[in-house]
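In the order they appear, the protein sequences are chains A and B. Quick note: full-length UniProt numbering has the first sequence finishing at residue 369, numbered continuously throughout. Quick note: full-length UniProt numbering has the second sequence finishing at residue 369, numbered continuously throughout.
Do not rely on the hints blindly, as some may be mistaken.
[Stated by the list, open to error] Listed next, the in silico SDA-like pairs over lysine to any residue satisfying Cα-Cα at most 25 Å (straight line):
#  : chain 1 : residue 1 : chain 2 : residue 2
1  : A       : Lys182    : B       : Gln315
2  : A       : Lys112    : B       : Arg4
3  : A       : Lys182    : B       : Asp88
4  : B       : Lys182    : A       : Lys112
5  : A       : Lys182    : B       : Ser310
6  : B       : Lys182    : A       : Ala307
7  : A       : Lys182    : B       : Val271
8  : A       : Lys182    : B       : Leu327
9  : B       : Lys40     : B       : Arg4
10 : B       : Lys182    : A       : Gln3
11 : B       : Lys182    : A       : Leu327
12 : B       : Lys182    : A       : Gly308
13 : B       : Lys112    : A       : Ser293
14 : B       : Lys182    : A       : Val304
15 : B       : Lys182    : A       : Ser293
16 : B       : Lys182    : A       : Lys182
Honestly, the hints are just simulated from the structure, not real lab data. Note that the structure is a prediction, hence the values are computed from the model and not measured.
Chain by chain, the residues run as shown.
2 protein chains.
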Amino acid sequence: MIQRPPAEPGMAEDEIDTPALVLDLDAFEANLATMAEATKAAGVRLRPHAKTHKSPVIARLQGRAGAVGQCVQKVAEAEILAWGGIEDILVSNEVVSPRKLARLAALARFCKIGVCADSAAGIAAIEAAAAAADVSIEVLVEIEIGAGRCGTSPGAEAVALARRVADSRHLTFGGLQAYHGKAQHLRTPEERRAAIASASALTAETVEALRQAGLACRTVGGAGTGTFALEAKSGVYNELQAGSYIFMDADYGRNQPAPPFRHSLFVLASVMSVTRDGMAVVDAGHKAVAVDSGPPAVWGHDDVRYAGPSDEHGQLFWESGDRRFSLDQRVRLVPGHCDPTVDRYDWYVGVRRGRVECLWPVAARGAMA
Amino acid sequence: MIQRPPAEPGMAEDEIDTPALVLDLDAFEANLATMAEATKAAGVRLRPHAKTHKSPVIARLQGRAGAVGQCVQKVAEAEILAWGGIEDILVSNEVVSPRKLARLAALARFCKIGVCADSAAGIAAIEAAAAAADVSIEVLVEIEIGAGRCGTSPGAEAVALARRVADSRHLTFGGLQAYHGKAQHLRTPEERRAAIASASALTAETVEALRQAGLACRTVGGAGTGTFALEAKSGVYNELQAGSYIFMDADYGRNQPAPPFRHSLFVLASVMSVTRDGMAVVDAGHKAVAVDSGPPAVWGHDDVRYAGPSDEHGQLFWESGDRRFSLDQRVRLVPGHCDPTVDRYDWYVGVRRGRVECLWPVAARGAMA
């Protein structure tokens, strides 16, 4: 079942039912503008990642701010964006199952659809689905340039796959997918610069090898919120795929320096038990906030730690002072990791200066397949 | 949006779309029977925890196996069970918000409803909601007996709160909530025995203090899958609240000895990239499987490790042999922690001996408020 909306427009923030996913609209809009200016100044395209927000509404707002389309990781996400009016969607990920590819091909009837491949078998499966649906699908060849996850080797192997795409009747070779996920959360600027310099060099060599083979890259895509400024000025990337910049999670806030975005996304929790000094219990645990990148920060209380989460509880600890929180008091948590946190909720509650302004569905919540 | 079901009855397991939440029905039914026998033999009641399964269907099957009712942690879970036909529901947790309590009181019109309290303010709020709805609600006083989370102190403080409940016109004093969450995953039997012996002693003292004050405990509730056998023979607990026993997660499997249940719950994943020897990538990452209690185990492949999860990817590593997995191959993962894993899905796919037998909605998925 879809859960009931936890608020209504016009309410005060303190009246929102909890746990709730609260979006500070001023901060969110500032983040949209900051990224739009940065990509425009660098002369690169922005194709933000919908795996972060899972929302056709947010995708549309990003489009108004200049984004050329959206990235997704899953076919189910592509469906929800396509059905919600987004017209240019790249699955920045391998899809190899015939059933999933048939669903993706069905979308290509009314949207521009791209997908990644890192194997000949994968390309054959995409071609078969596109042929069966009589549509055209753009394919980016993914190269492994440091993340150690998906992707073929840069250079000759990538060229061989690109040739195979170009020779497939229903496929268009779109270019390269070259995302260095591990670089995003490297803490120092030196580490990030070194990682993206290496990734950019491998990518540039592959672009050149493709050019020599007569295969032009319309798109060289990659980058995330932690490193986008480096890819933007690399001279080889022309399409950035950052997602988290709209929200800024607590973990990105630990990068030195932090990316130039404001925390706009919060889990609003309520204090449900205050039986001892120095500790309060809130109603937001593992099911309400992802802790895979560390615990959430407690907004406005730098000396209070969130710790000891269990499924439905979190504990707030502080060193000094007796009763810091009262029963049923609202507390904003800054998620350590936004993407899997958003995916736990059915609704965004948009808040501006303490008032609920709007509700947006997390329409692709749970869209994993 | 609710996601489409990933399978249909009659399909082979390998045809299930992934990631999917797969329930091995033979193992699940064996677990129901094992717990039913254990509680019957010990002469204690079983009130399983629906925070694990989030399903009125599973609640009904537990009822057929002798359970007296269900526990939940959240009002939204209570609503979904009540609307799904479950007639005796205990919120084994504090609820202090007037809006939530009004919703809970509304359920008490057609169900038996209980809830916990650990403060005078909480009791007053429950009484106000019950009075406004003109219903009766049973209240258990929660005591803190080792978990260090919610709960008032055992002894005199608990007696004072129980008195306050008994003196409230629309409330019934039901007894004590005495759950030692931290004991569940202590690894050795000695540690668990010591923890539950201490919890039982504090609880027994409080039961006796209540008795001397003329306040009888109809219910002394607590226990989980890691320790239930100890509470069952404690002589003080009479209602067990285990939840995970129906599924058995990988983390409970690390207890020595492991609880006497079979792994019945799996995240079915597919291999989506196999570009290098010794590693394959599956389509199940943080959004598909909870890693807060460690990574999932790879079912049937003891020498393969799941590691390096990102939002939508997991990596399988092995030491020897070249290609162990082929593209689009299905792999069963045993979640490290079942409860938050279940909460990411809209559907259970019930499987028996390799065939899909049924689909059950995870009806209370996301029911956090």
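Output the numbers, in ascending order, of every earlier hint that fails for this structure.
-> 3, 4, 9, 10, 13 and 16
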